[in-house]
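S.K.: Residues per chain are reported as follows:
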Amino acid sequence: MRITEHPILTFKRGREVEFTFNGKKMKGYEGEPIAAALHDNGVRVLSYSKHLHRPRGFYCAIGNCSSCLMTVNGEPNVRVCTEKLREGMVVETQKGRGDIK
Amino acid sequence: MKDTEIAVIGGGPAGLMAALAAAEMGARVTIIDRNSRLGGQLVKQTHKFFGSEKEYASVRGIDIGRLLSDEVLKNPRIETMLDSTVIGYYPDDGVLGVEFEGKTFVKIKPKKVVVATGASEKFLPFENNDLPGIYGAGAVQTLMNEHGVVPGENVLMVGAGNIGLIVSYQLMQAKVNVKAIIDAAPCIGGYWVHASKVARLGVPIMTSYTIKAAYPNEATGTLERAVIWQLDDRWQPIPGTEKVLKVDVICISVGLSPLTEILWQAGCEMKYVPQLGGHVAVRNENMETTVPGIYVAGDVAGVEEASSAMIEGRLAGLNAAKSLGYDDGTYSEKRLEAIKRLQNLRSGPVGEKIRQGLAQLVSSGGDYNA
Ligand SMILES: Cc1cc2nc3c(=O)[nH]c(=O)nc-3n(C[C@H](O)[C@H](O)[C@H](O)COP(=O)(O)OP(=O)(O)OC[C@H]3O[C@@H](n4cnc5c(N)ncnc54)[C@H](O)[C@@H]3O)c2cc1C
Ligand code: FES
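From first to last, the protein sequence lines stand for chains A and B. Counting with the working numbering, you get residues 1 to 101 for the letters of the first sequence. Counting with the working numbering, you get residues 1 to 370 for the letters of the second sequence.
The set of hints was computed from the structure by calculation and includes no laboratory data. As the structure is a computational prediction, the values presented were derived from the model and not from experiment. Using N, Cα and C, we set each Cβ at its ideal position, and we do this for glycine too. Be a bit skeptical, because a hint or two may be false.
Here chain B is said to cover these stretches of chain A; the calculated rule only asks that three of the stretch's residues, wherever they fall, bring their Cβ under 8 angstroms from a Cβ of chain B [to be verified]:
no., segment
1, 4-13
2, 40-46
3, 51-58
Facing chain A, according to a computed beta carbon distance under 10 angstroms, are these residues of chain B, among others [what the hints assert, rightly or not]:
no., residue
4, N35
5, V59
6, R60
7, S120
8, E121
9, N145
10, E146
11, H147
12, G221
Listed below are the simulated DSS-like cross-link pairs for lysine-lysine, each with C-alpha atoms no more than 25 angstroms apart in a straight line [as the list claims (entries may be wrong)]:
no., chain 1, residue 1, chain 2, residue 2
13, A, K95, A, K84
14, B, K322, B, K74
15, B, K122, B, K212
16, B, K271, B, K353
17, B, K175, A, K27
18, A, K25, A, K12
19, A, K12, A, K95
20, A, K12, B, K175
21, B, K334, B, K74
22, B, K74, A, K12
23, B, K109, B, K74
24, B, K122, A, K50
25, B, K353, B, K111
26, A, K84, B, K179
27, B, K111, B, K74
28, B, K322, B, K334
29, A, K95, B, K103
30, B, K179, B, K103
31, B, K74, B, K2
32, A, K12, B, K48
33, B, K322, B, K111
34, B, K2, B, K111
35, A, K84, B, K103
Put together the whole structure using the sequences plus the hints.
M.R.: Okay, here's the thing in structure tokens:
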């Protein structure tokens with residue numbers, strides 16, 4: 001969910017863009033982290049762990065911990081907490097280590 | 001290969017002040033930060049800061065960040081590289097490896113380096129601590145205050161230090177319900193001003209409580225419940241005191257540890273000092289580490305506050321510039337003033353822990369630049 005009213009902050013958002021998550025169309029703002037757009041769309045599970053296949057969300061949100069690795073435009077292991085959203089991005093849940101195609 | 005006189009790694013309060021001080025003495029500086037804007041932790045701090053007046057006490061963190069970055073951006077001697085992560089330091093040639101926008105690799109050869117990388121959040125072991133919905137308190141603050149997205153509906157805050165208290169208040173400001181703030185210690189770690197602000201909003205602060213486990217919603221796999229329990233006076237959990245909280249977010253706020261990778265790579269002598277948050281570099285009064293030409297400042301030098309980070313940054317910047325021969329005659333005076341301000345800041349009972357930590361760390365004398 002987006003914050004619309006805030007006692008101190010106003011949010012300057014980029015242009016609204018469309019992207020897909022596992023084939024499903026979603027909307028977000030250009031330039032915000034992919035993880036923020038996904039979270040706003042109710043997506044919290046970003047990947048599944050390598051050995052026990054447990055669901056993973058983000059943890060640090062600043063590119064430190066690698067908890068948020070996803071496949072973006074076919075490229076695996078993208079930290080979506082810092083990677084910026086662009087028009088038409090193809091975002092997919094990553095299972096395990098990911099393959100470089 | 002790109003050349004610069006002084007590379008400042010990290011554009012938080014420490015790095016910004018280091019750059020400004022070095023430029024003031026006449027040196028050319030490059031600030032490198034992995035974020036898209038300068039300010040470090042300050043860009044998400046909506047509350048008015050504590051500290052001393054010279055370090056902008058009672059000004060909101062975001063405004064201090066803006067003030068300092070505006071000054072940096074208009075300074076012709078300072079170049080700023082954003083979206084740039086320093087991923088390695090090669091001690092043999094003194095070269096920094098920088099990843100630009102996650103795609104391009106740039107090499108920088110500076111004459112001096114100021115490491116001002118800040119700190120990262122600690123984690124806590126408990127059952128199912130890896131569920132989506134369990135986030136660092138700072139992460140939630142980034143999501144909420146920088147990107148304008150709320151983390152969920154109901155939050156359990158683990159840790160009643162300043163960060164836990166402040167982020168709880170900010171969650172309530174964004175209309176998110178904080179069900180409870182718990183802390184394993186028998187008393188609240190943060191300042192009373194922050195504790196009373198959340199208490200007034202009706203958020204219970206439960207001391208001598210810790211988290212036992214978290215459980216997912218079977219269908220979504222994301223966090224649905226947290227179980228907390230009470231600790232006795234020997235910090236042992238008391239069976240039978242379990243309470244279940246329906247929350248979709250748990251924020252972990254149990255302290256920070258310095259982001260020291262670059263210092264290890266450079267071969268700086270490191271020491272474990274719990275009072276300063278973990279491993280930190282041994283350094284002298286001028287903020288220079290045991291590797292000549294590598295300076296530290298701010299949370300990476302010991303987790304403390306923005307006010308001390310700024311003065312440490314200033315001190316590191318002044319000394320790095322001086323060691324390159326830049327001195328307009330004011331160096332000694334400015335250096336002494338900064339050292340005195342740091343001493344003042346750390347003089348009260350609140351500074352006790354930091355004083356103990358530094359006593360184990362700072363080598364005496366350390367005037368090899370003067
Ligand atoms: C919720 C909260 C409330 C606070 N309230 C107060 C307060 O009221 N008063 C007060 O004095 N202090 C307060 N603080 C503490 C204060 O924010 C920190 O002590 C201060 O920001 C430390 O400054 P710094 O420059 O050392 O690090 P930071 O502000 O963390 O900046 C470090 C910078 O380095 C960058 N970086 C890290 N690694 C790399 C790399 N490898 N390559 C490139 N860039 C890198 C980061 O992106 C970041 O921008 C608060 C902190 C928090 C989290
Ligand atoms: S959440 Fe830690 S790297 Fe993205």
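S.K.: Hint compliance check: list the failing hint numbers for this structure, sorted ascending.
M.R.: 5, 19, 25, 26, 30
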